[in-house]
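**Q** Going down the list, the protein sequences come from chains X and U. Quick note on numbering: the first sequence equals residues 1 to 145 in our numbering. Quick note on numbering: the second sequence equals residues 146 to 257 in our numbering.
You may find that some hints are simply not true.
Derived DSS-like pairs (lysine-lysine); straight-line CA-CA distance at most 30 Å [to be verified]:
no.: 1; chain 1: U; residue 1: K149; chain 2: X; residue 2: K118
no.: 2; chain 1: X; residue 1: K33; chain 2: U; residue 2: K188
no.: 3; chain 1: U; residue 1: K256; chain 2: X; residue 2: K30
no.: 4; chain 1: U; residue 1: K223; chain 2: X; residue 2: K72
no.: 5; chain 1: U; residue 1: K188; chain 2: X; residue 2: K137
no.: 6; chain 1: X; residue 1: K33; chain 2: U; residue 2: K149
no.: 7; chain 1: X; residue 1: K81; chain 2: X; residue 2: K132
no.: 8; chain 1: U; residue 1: K231; chain 2: X; residue 2: K33
no.: 9; chain 1: X; residue 1: K30; chain 2: U; residue 2: K188
no.: 10; chain 1: X; residue 1: K141; chain 2: U; residue 2: K223
no.: 11; chain 1: X; residue 1: K30; chain 2: U; residue 2: K223
no.: 12; chain 1: X; residue 1: K30; chain 2: U; residue 2: K149
These aren't lab readings, by the way, just hints derived from the structure by calculation.
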Amino acid sequence: MSSEDEFGGSYTVRGRDFIDAGLISSQIKKLLKDRGIPEDVVRKVAVVTFEAEVNIISYAEIGTINFHVDDKAVTIEAMDKGQGIPNIDLALQEGYSTADDTIRDMGFGAGMGLPNIKKFSDEFEIISIVGKGTTLKSVIKIVGT
Amino acid sequence: MDLKVIQAELGLTPQCGAERLDAEVTGGYAGDLLSDVMANSAKGQVWVTRQVHQNIVAVATLKELSGIIIVQGAMPDKDTVAKAEKEVLPVLTTSLSAFEVVGRIHSLLRKA
Chain X
1 MSSEDEFGGS
11 YTVRGRDFID
21 AGLISSQIKK
31 LLKDRGIPED
41 VVRKVAVVTF
51 EAEVNIISYA
61 EIGTINFHVD
71 DKAVTIEAMD
81 KGQGIPNIDL
91 ALQEGYSTAD
101 DTIRDMGFGA
111 GMGLPNIKKF
121 SDEFEIISIV
131 GKGTTLKSVI
141 KIVGT
Chain U
146 MDLKVIQAEL
156 GLTPQCGAER
166 LDAEVTGGYA
176 GDLLSDVMAN
186 SAKGQVWVTR
196 QVHQNIVAVA
206 TLKELSGIII
216 VQGAMPDKDT
226 VAKAEKEVLP
236 VLTTSLSAFE
246 VVGRIHSLLR
256 KA
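All chains, full assembly: derive it from the sequences and hints.
**A** Encoded structure:
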């Protein structure tokens, strides 16, 4: 892949808008597929972007999901203005969740969101400030290019 | 095995996406936690769930599942059907329990 094949996108995610949950991840997935990104990479990106999208919807007022693709990797950044995470170590433990009943009734809030993002990422970083918001970065490597 | 055989054998009711019942079913996954299904289901599998909210369509589409079977007599929300119709994703319903549905599909797939 040459440098002119680098591409990316930026999307705004509205908090509490569960109706459209998955819309942005679907759009990103389609773009990657259309550009011929390997299927296993697309599958990982789909999980990471979906969980990031659901997290913003569940816990923030508004957020942004950016993605960038070059010949080596897909980089996803999710930033939100929201309540933030007081204890990131706890939030990264599978099964730990602060979700309310509205979120759980829809099948979310099982405490698997951040663990899934970490699991499907080759590199993962998260920074959160309580009362301000959370920023996470996920890198998924494209092998064999 | 395609979804049509499973639908006929178990007497499932298609709610939408009937034109895609010829989709090849490669296996199945059962669960009501969307993140669990996101992480652990695989392309071509049929998803057995009690969830009826429209977000199940987003999960099934992202994971390229062959269809959704909603169990225990539950009915998909109107928005779920509308969204699945748009994505041409089969959503089937049954009064059977998840246990019964999974057991029967499992033995059908083993025999195939």
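**Q** Work down the list of hints and note, for each, if the structure agrees.
**A** Structure-based check of all given hints:
1. K149/U / K118/X: Distance ~37 Å between K149/U and K118/X Cα, so the pair is violated.
2. K33/X / K188/U: Measuring from Cα to Cα gives roughly 14 Å; hence the hint holds.
3. K256/U / K30/X: The given pair, whose Cα atoms are some 36 Å apart, is violated under the 30 Å limit.
4. K223/U / K72/X: Violated, at about 42 Å.
5. K188/U / K137/X: 26 Å, holds
6. K33/X / K149/U: The given pair, whose Cα atoms are some 28 Å apart, holds under the 30 Å limit.
7. K81/X / K132/X: OK: K81/X and K132/X at ~6 Å, within 30 Å.
8. K231/U / K33/X: 20 Å, holds
9. K30/X / K188/U: 15 Å, holds
10. K141/X / K223/U: Violated, at roughly 39 Å.
11. K30/X / K223/U: 25 Å, holds
12. K30/X / K149/U: Holds, at about 27 Å.
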